[in-house]
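Asker: The primary structure of each chain is shown beneath.
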Amino acid sequence: MKRYFAMSAIGSVAVTAVGADSEQAVSDLIPKLADPKVENRYGAQMALQEMASNASKPGSGASREALGKILAAKAADGSVPQPARVWIVRQLENMGGAEAVGALTKVMNGEDAELRECARRALEKNSAPAATAPLRAALEKASDATWRIGLMNSLGQRGDAGSVKLMAAGLGDAKTAPAAALALGNIANAAAVEALWSALNRTPEAGEALILVANQMKAKGDAAAATAIYERVAKEAKSKSLRAAAEFGLKPPEAAQAPAEKKGRKKAEKKQ
Amino acid sequence: MGMQGHSRITRRSFLKRAAGVGAAAAFPTIVPSSVFGQNAPSNRLGIGHIGMGLMMGSHLNKMVRADDAQVVAVCDVDRGRLEKAKATVENGYAKRSPSGTFKGCGAHHEFEELLARDDVDVVFVATPDHWHAPISVMAMRHGKDVYVQKPMTLTIKEGRIMSDTARQYGRILQVGSQQRSERAFRRAVQIVRNGLIGKVHTIYTSLGEFPPPQTLPEEAIPDGFDYDRWLGPTPWYPYNAKRVKGDYGGGWRCFWDYGARKNGDWGAHHFDIIQWALGMDDSGPVEFIPKGYEGTEYQTHIYADGTKVLRNHPVKNGQMIQFIGEKGEVLVSRGDRLETTPAELKDTDLGPEKETLSDVPPGYKGVWVYVSNAHEENFIECVKTRKQPICPAEIGHRTATVCHLNGIAERLKRPLKWDPVKEEIVGDAEASRWMDRARRAPYIYI
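Chains W and L, in that order, give the protein sequences. Everything in the first sequence is counted per my numbering, starting at 1 for the first residue and increasing by one. Everything in the second sequence is counted per my numbering, starting at 1 for the first residue and increasing by one.
One chain only, chain L, in its complex shape:
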């Protein structure tokens, strides 16, 4: 037992590898324009996908089918997944190609190689949370736009770095909080933001629970899986399949080393909608109280105006989020489920819905809410127009901050006070250490 030797390639030694794959990078295989309708290669975005696990499947399939993009490279630390992803891309283009064949999707073990490719304009990042920030920051500094899965970060400091990097380097970044592009959630936000249920004072949301993280016995590392790189900047633990498994019910999501457990996994969805509805996308709550602290029944975070959010308080009718205002309620879930009290509120005409609109229409009188009906498409559109997408880095950072602060309070088993302007934990030195984490060498990028 113990750490493997750290003779791993450093991120700059990818230059040697790049020389080896230089043929692919310098002369990328272009899918003929006949596959893409009217889109000639010069009009197509080159797409790279990093992290070919659970969440990447839908992104990959969409981009392979897209007429205005070409998937030029995939990347994973597991050889089997990497080969499967490459085959998915090549088979997808082969089906649409007149010749019925296609070869030429790059397959990279290390993301540094993929980011060094000149033919990659955009990357999709769907690794476990602890790799989101390092890869995204490097991508942006290399001139790539980024679609990164939620939660955007592992730590609060990473979020500030990511948001500042996106702005400084002029990159478009979309966080995969796709509920913002779902009609029912948008209408719920519109109703709340336009004051139709009065001042909101209490919000219930259901995140569920993961099993506790376990201490796991060592197992043999599967052939072709670079476990050391999978761990990356996180602390060393002996390999066990349960630690790295991509599983909606647990797997790596259970472990604090790789995320904020349910606060990150589902909190990044529902806390995000709540932030949006409360008009808090550039700010956040001021107090976080963990479940069990002095009899607290439900984990709670509180905004400066007193609005409380209670995690896992029962939500009416099995819905996901319940906004309770002085004059009514809004309940909303995936699957286009929306209920209001009074019932007629949900049908209130609140403005144009038929197209993506990031700008306020002339003469619009209400509180404007960004309209997006398809999250990846919104991102690609914004890559072309250079307008901000519906969930850019600053919003993703503020939402992830809510997730992380709840997680820190949960770990420390005590309340935290937060200054969302200074972005500081108030009066708790130990908790403040958790704003960022020490990183394991050599995987240090930010």
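Excised from the complex, chain W in its bound form:
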């Protein structure tokens, strides 16, 4: 098995990214990642980052998974100092797969706010389909608006059709409506479109999301469905910007130029 060696910039910690040494190498870095003198953590951070990067080079599937398991275990281990866990979860955001989903779920559902947010982002970027369900489960029970916004965005980025009802409910809350609309725009299925129509002139982002959906449909060759959305937005949206965007969508590609408009303002002069 190949060994990859990474040298940190400070502290000269030599680590191997693959093989039996890997767990020990990670364990050796943990105290440095949580050094009480914060400035001293940098070298260990870079060493771990390089391990993670080396382990996930193209063609390194087995080593990526192996290191992913090690990092996942450390991330979920409450006895590992919090600063070290944060940095570990950030590496899993960059290279974690199915092997990390369980641990990241545990961290996301934990008490530490910073770790929870890091774990949410790591699940959002995780390569495994299994990473979606924990995000959806978290949204189902989430009450804090900011947390819900983050979860909605993560699920939208993952294109989770199973979350549409949750997003639709989010459209009804002024705090979460924009994020819900954006997420539905990314999911872009029929149910998402239906939910967005209900919010068209209540939440500006709903119209923007409908435009995004139509663009995606058009790109996939479903011109009829796209046209139906553009036409309805052009007709029903109160926003001049949205109507212009919809009209642009209706143009054939060769005619798609920025519409000319007169620039000027009709405001009465106010005397000083």
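Treat the hints with care, since some could be wrong.
Taking lysine-lysine and the DSSO-like style, the derived pairs with C-alpha atoms no more than 30 angstroms apart in a straight line are [stated by the list, open to error]:
#  : chain 1 : residue 1 : chain 2 : residue 2
1  : L       : Lys387    : W       : Lys235
2  : L       : Lys308    : L       : Lys291
3  : W       : Lys240    : L       : Lys387
4  : W       : Lys240    : L       : Lys384
5  : W       : Lys218    : L       : Lys157
6  : L       : Lys157    : L       : Lys245
7  : W       : Lys37     : L       : Lys242
8  : W       : Lys57     : L       : Lys291
9  : W       : Lys218    : W       : Lys235
10 : W       : Lys57     : L       : Lys417
11 : W       : Lys238    : L       : Lys387
12 : W       : Lys220    : L       : Lys157
13 : L       : Lys157    : W       : Lys32
14 : L       : Lys291    : W       : Lys125
15 : L       : Lys157    : W       : Lys57
16 : L       : Lys387    : W       : Lys218
17 : L       : Lys422    : W       : Lys125
18 : W       : Lys165    : L       : Lys157
19 : L       : Lys413    : W       : Lys69
Simulated from the structure, these hints should not be mistaken for lab results.
Knowing the structure of chain W, use the given hints to seat chain L on it.
Answerer: Chain L in isolation, oriented as in the chain W frame:
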């Protein structure tokens, strides 16, 4: 230590604030026309400025002096900067006002409020890189035209969204790659594009280096500074002044969370000129090799035709960019420095230079290069005429993509292959994750 509570105002709750500042939005204070020469208020563009740090000073001063625009609002997450910016605007108009006084520039803590103003037609965005795309996209969707600092984006995906948004919403967007509006760079591009040095095979460019990013101890957040909002969609770190400092020598520019370090900071200037010179404004390189990889002495990116760009390879005569062709060389820098080999090439008559020309003059026989002699003025002119400016969103996106791909290769310490047609990283799943970044709630806009 740890994150602050996320009880921050969400972007839609600005509606409540807007009601509070509704008086300003509904009845904007108009500077009398006598200040603007012949330009009545109805002919003037309403300007909003967002991000009142290092780069905004020159933009703000120019717009305050402009006869065809009025700065109606400024925005910053730092109260001190915001108040100073407001005072700069009001003092500027006061000096030109018959009464000697002027009050009425809006001052907003949150950009959402500024973008909700009906009297803002155009926004200048000069925040750190990680806010460029969210603010610009929202501005365009609100019907505003945008001048945004370079590099245009933090991620490749943001760039595609920005370019598509500009086109879909019919907005004019100029990226602040102002070297495109400098004579020497334009002539260098003209010389290369017209084949006067033959096929270019190698390009050297000097970007310099930043110190490495540091892990910083927590400090008290200064009063009046909204650090949470400054971080925005980027990951949480405890506050430290070095992290947020606007500094040409480092500060936030050192950190990968907020930009692509030197690849973004100066790469957005010089890689942009190189893209322009090679006729690659709608495309890009296909391979990126970081410094140090298997002995690579200089960070290199390579175009499909084999043309190589070497970062920080020494450039002759202290110049900024050196194009080496089969039949000659062009060296160019700011300060109107241009040298060619053969020397007489730089004086070759290559067409009209006396005015801004975005359209090819009739009968012109060479390869046309957009002529702009003043970057902000070109933007304002294009806002009025609805013609494309010299550095629109698609060009800014392609240039920023070069910056980001070099940055990703540097971080991962391995080469990348890029498909500029599909806009995909080829065969590297981990690197592909870096095409975009997960965002911190509640600052999620795109």
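Asker: Which of the listed hints are not met by the structure?
Answerer: 13
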